[in-house]
Amino acid sequence: MPTLQHLWNQFSDKLLRFVEHRVDSSEDAKDIHQEIFIKLYLHLDQLQSEDKLQAWVYQIARNQITDYHRQRQRYISESERLVAVVPVSAESKAGHQELYCCLHPFIDELPEGYREVVSLNVYDGLKAAQIAEKLGLSLSGVKSRLQRGRELIKQKFADCCSYHLNPDDGKLHGEQDCPRCYGH
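The opening position of the sequence shown corresponds to residue 158 in the numbering used here, with each subsequent residue numbered one higher.
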């Protein structure tokens, strides 16, 4: 069986280039590169044949890249769900920012247990399982806090910004008329 040092020497530079061609940020590529080697180390005992070493290494790399893109998409989707899809005029660049102006204060106002979990999810893009591991909580507990935190934020948008919850899609809709932002 190859050692981690052997894998590093043989694949490190090639894998980094492989990842860099598939993600936008060189910093993210370096993080993914490290994650690949962590996975290789953790699963080295699962390599069935050294003849398949390269295919195995690159499969792990492809999986890490896929996870990265999936996590980014979830992060974007999660942020959109929190603030919903509200029409913004093309003429107003500031209009888009106005949609999100209360999100950060609303997250900051959440009770501590919810605030920490939602912040890790929204700002750091962590999945529920990653948050559970980081905070030493159960996965079901984290999922529950995320769900409840999102509901509290939706209610804050409804109360503060005159949004309403559309029963058809479960998203917030409406014209923004936020007393915080417009001083009404």
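Hints in this document: simulated from the structure, not taken from any laboratory.
Just to be clear, a hint being listed does not mean it is correct.
Quick list of the computed label-pair ranges, beta carbon to beta carbon [stated by the list, open to error]:
1. GLU266 - GLN205: 16 to 24 angstroms
2. GLY270 - ASP208: 29 to 37 angstroms
3. PRO262 - GLN304: 26 to 34 angstroms
4. GLN211 - PRO262: 18 to 26 angstroms
Below, a list of computed lysine-lysine pairs in the PhoX-like style, where the Cα atoms sit at most 25 angstroms apart [what the hints assert, rightly or not]:
5. LYS187 - LYS171
6. LYS300 - LYS187
7. LYS284 - LYS313
8. LYS171 - LYS209
9. LYS196 - LYS311
10. LYS313 - LYS196
11. LYS171 - LYS196
12. LYS209 - LYS196
13. LYS300 - LYS313
14. LYS311 - LYS300
15. LYS284 - LYS311
16. LYS187 - LYS291
17. LYS300 - LYS284
Heads up, the beta-carbon is just placed ideally off N, CA and C, and yes, glycines get one too.
Going down the list of hints, with the structure as the test:
1. Between GLU266 and GLN205 the beta carbon distance is about 52 angstroms. The supplied range of 16 to 24 angstroms is therefore violated.
2. Distance hint check: the CB atoms of GLY270 and ASP208 are about 51 angstroms apart, inconsistent with the given range 29 to 37 angstroms.
3. The hinted window of 26 to 34 angstroms between PRO262 and GLN304 is violated, with their beta carbons roughly 21 angstroms apart.
4. Distance hint for GLN211 and PRO262: a CB-CB separation of about 50 angstroms, inconsistent with the stated range 18 to 26 angstroms.
5. For the hint linking LYS187 to LYS171, the alpha-carbon distance of about 12 angstroms falls within 25 angstroms, and the restraint holds.
6. The hinted pair formed by LYS300 and LYS187 fails the criterion: a straight-line CA distance of about 29 angstroms is larger than 25 angstroms.
7. Among the hinted pairs, LYS284 with LYS313 is consistent with the structure: their alpha-carbon atoms are about 23 angstroms apart, no more than 25 angstroms.
8. A hinted pair counts as satisfied when its Cα atoms are at most 25 angstroms apart, and LYS171 with LYS209 qualifies at roughly 17 angstroms.
9. A threshold of 25 angstroms between alpha carbons decides the hint, and for LYS196 with LYS311 the separation of about 37 angstroms lies outside it, so the pair is violated.
10. Straight-line distance between C-alpha atoms of LYS313 and LYS196 comes to about 41 angstroms, which puts the hinted pair past the 25 angstroms bound.
11. As the CA atoms of LYS171 and LYS196 are separated by approximately 17 angstroms, the hinted pair is consistent with the 25 angstroms bound.
12. For the given pair, LYS209 sits about 16 angstroms from LYS196 by alpha-carbon distance, which is consistent with the 25 angstroms threshold.
13. Taking the CA atoms of LYS300 and LYS313, the gap is near 20 angstroms; set against the 25 angstroms cutoff, the hint holds.
14. As the CA atoms of LYS311 and LYS300 are separated by approximately 17 angstroms, the hinted pair is consistent with the 25 angstroms bound.
15. Among the hinted pairs, LYS284 with LYS311 is consistent with the structure: their alpha-carbon atoms are about 20 angstroms apart, no more than 25 angstroms.
16. Taken as a hint, the LYS187 and LYS291 pair is honoured in the structure, with Cα atoms around 21 angstroms apart against an allowance of 25 angstroms.
17. Only pairs whose Cα atoms come within 25 angstroms are accepted, and LYS300 paired with LYS284 is accepted, the gap being roughly 10 angstroms.
Consistency with the previously given hints fails for numbers 1, 2, 3, 4, 6, 9, 10, ordered from lowest to highest.
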